[in-house]
Amino acid sequence: MLPALRSIGGVEEVLYLSTCNRVEILASVAEDGNALKELSGFLARNGGLNQAEAANSFYEYRGEDAVRHIFRVASSLDSMVMGEAQILGQVKDAYREALAEYATGVVINRLMHCSFRAAKRVRSETGIAVNPVSVSHAAVELAKKIFGTLTGKIILLIGAGEMAELTGTQLIEKGAQSIIVANRSLAQAELLAEKFHGEAVALDALEKKLIEADIVISSTGAPDFIVTADMLKKIHHRRKNRLLFLIDIAVPRDIDPDASELENVYLYNIDNLQDIVDENINARRKEAIKAEKIIDEELERFINWQKELESVPTIVSLRNKADDIVKAEIEKASGWMNDLKKEDQEKIEILINSIVNKVLHSPVSVMKEESSEFNSRDIVAAVRRLFRLD
Amino acid sequence: MSFVNLEMLSFNTALVLCGASTIGYLSSLLVKKVKLAKMSTWVLAAAFAFLTVKFFFVMVNSSWFVNPDSKDFLSLCAWAVCAVYLVLQFKTKTRVLGAFISPLILLFLIAAAGEEAGKSIRPQNLQSGLTAAHLFLTIFGEVLFVIASCAGLMFIMQNRLLKSKKLSGMSRLLPSLNDLDRINHLCLLWGFPILSVGIIAGVIFAEMSWKTGWLTDPKIIWTFAAWMIYGFLLHQRLAIGWKGYRMALISGITFILLIVSYVGVKICCPTLHNFI
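From first to last, the protein sequence lines stand for chains A and B.
Every letter in the first sequence is one number past the one before it in this note's numbering, and letter 197, counting from 1, is 198.
Every letter in the second sequence is one number past the one before it in this note's numbering, and letter 200, counting from 1, is 716.
Extracted from the complex, chain A is given alone in its bound form (with noise of 0.2 angstroms):
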């Protein structure tokens, strides 16, 4: 892709981003020429679109729209989870992928390392990621809330539901032990227990297993309730009184909601996970108007970088000219130099070399001053000139 894409016309830096949701292309480029029109064509080719829905699917930042948008998708607030901490990682490979190519220069690596700057800044200086925003992370963090680590607890999931399967595969991940599976299908039980190295077993073995676990996770079809108060009152006293987490997921409930009066028995059902979330959600929101603010604040630094640049490579040549005539003026003038002492001749060219800095000091500092107001293109451009830079 990057080859391609640094043969467009125009294109001098190039980075590649591709995301579960967006493909973006990052290029610095020539001025004059279409090099844009190009790229967005060449997307569009690559993705197979017509021109219509190009129209429909593509948006374009430049400056310092651009710079702002590669902020924010790297602090991940312009994400669909808007905080998450893939993304950041997402922007690195494509960087990584396009240093490799040798498709960046000066621009792009700064830009990508004020990006990275930025997204560290939002994710320290704010709450933005803090709190979990899904319903799976919801649980585990009030797993954690009960019990601490969750290193050595037993997950028992009742059904062998999709969303049970991920809280459990989350809660395996933080450490918890082991998975038990029931279900009223034991060849269904047995094809889920399988992906977890557990345990499958038939729903009557239920009151059993529910004295071992340490968390439920239920979300069957089943119209009725599956976990009475009642049997959990029953194998109380053989739990030993060990701290319960009853998740149910299931809509009808599954499990008593009167089970929650118990002593020692933490019950959420789907809605009460949905509310927390919708609650980390807002808070995330009202986050992200810190988070702009840092944005604003990184922003700022790169342009006024970038402002700094535009006369940079003028004011290095302008040196680098003087120094060459200072060089081959005292290369000619050595025939009779060398006649006088050391220390003369160590004099004169110390007063050539100043004088060669007065001379210079007046064009260089005017260069640098325009540049921070950033017109100092025609100031440049006439330097380039009287000097025969080019």
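Just so you know, not all the hints are guaranteed correct.
[Claimed, not checked] Below, a list of computed lysine to aspartate or glutamate pairs in the EDC-like style, where the Cα atoms sit at most 20 angstroms apart:
hint, chain 1, residue 1, chain 2, residue 2
1, B, Lys679, A, Glu264
2, B, Lys682, A, Glu280
3, B, Lys548, A, Glu126
4, B, Lys554, A, Glu126
5, B, Lys679, A, Asp272
6, B, Lys549, A, Glu126
7, A, Lys38, A, Glu13
8, A, Lys287, A, Asp79
9, B, Lys609, A, Glu142
10, A, Lys145, A, Glu213
11, A, Lys121, A, Asp79
12, B, Lys681, A, Asp259
13, B, Lys681, A, Glu142
14, A, Lys342, A, Glu332
15, B, Lys548, A, Glu280
[Stated by the list, open to error] Far from chain A by the CB rule (all over 12 angstroms, computed), these chain B residues:
hint, residue
16, Ala596
17, Gln605
18, Phe606
19, Pro709
20, Trp743
21, Thr770
22, Cys784
Simulated from the structure, these hints should not be mistaken for laboratory data.
Note that CB positions come from ideal geometry on N, CA and C, so glycine has one too.
Go by the hints and put chain B onto chain A.
Below, chain B without anything else, positioned relative to chain A:
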């Protein structure tokens, strides 16, 4: 600078540091930032170090073990709470517990600061190594019980938050139920034998010096009641398997009852332990 001055200096430093850590802990609850609680823990650890230095000077300075004054007694209480808390802290990483414990330490220190130095808490006839052991062990035993009860009160708060099905900021800040239950368990497990030995030392001493009459002393009855409840709780935990909410509730309630009865006894009844 004399030892007495150095002792005063380290005590005052400890007092200021403890005040700072209390403010830190309480504000960490308000702004809901764990980082602040972490910093407060280190400040408290520094206060503990200064308090330890103070006791070093006390020991160099006088024969403290035989004849402590009220100031030393109260500082010793503060020091003991601090020591137990810091050990628990580094074992279980439940920093927010500090918000409950550090005000207590501060109260002890403020009370100590208000006491006149050099005022002996024990009449001449009570000065012996046995009473020193009695004093030291009973303080430690009671302190462990206090912390067990604090953990219990926090358990009740967290339990209530989790049962209300909301994951609020407060709930995120409080330690997990399991950790709180563990603190309660550890404190009872260590506190009971320590308090037992402390009481036995006191009994032996009383039997030797007073022979009769001491058994009906209100403060002795009070301590004995505390010891019994303590034993009962530990028994329920180890033999019956009580856990979590019920343990937390009973330790919380007995703690409040004992404090109330202690204050009542102190105000209303004459006692052999009139120095405490």
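Non-conforming hints, listed in increasing numerical order: Hint check: nothing fails, all pass.
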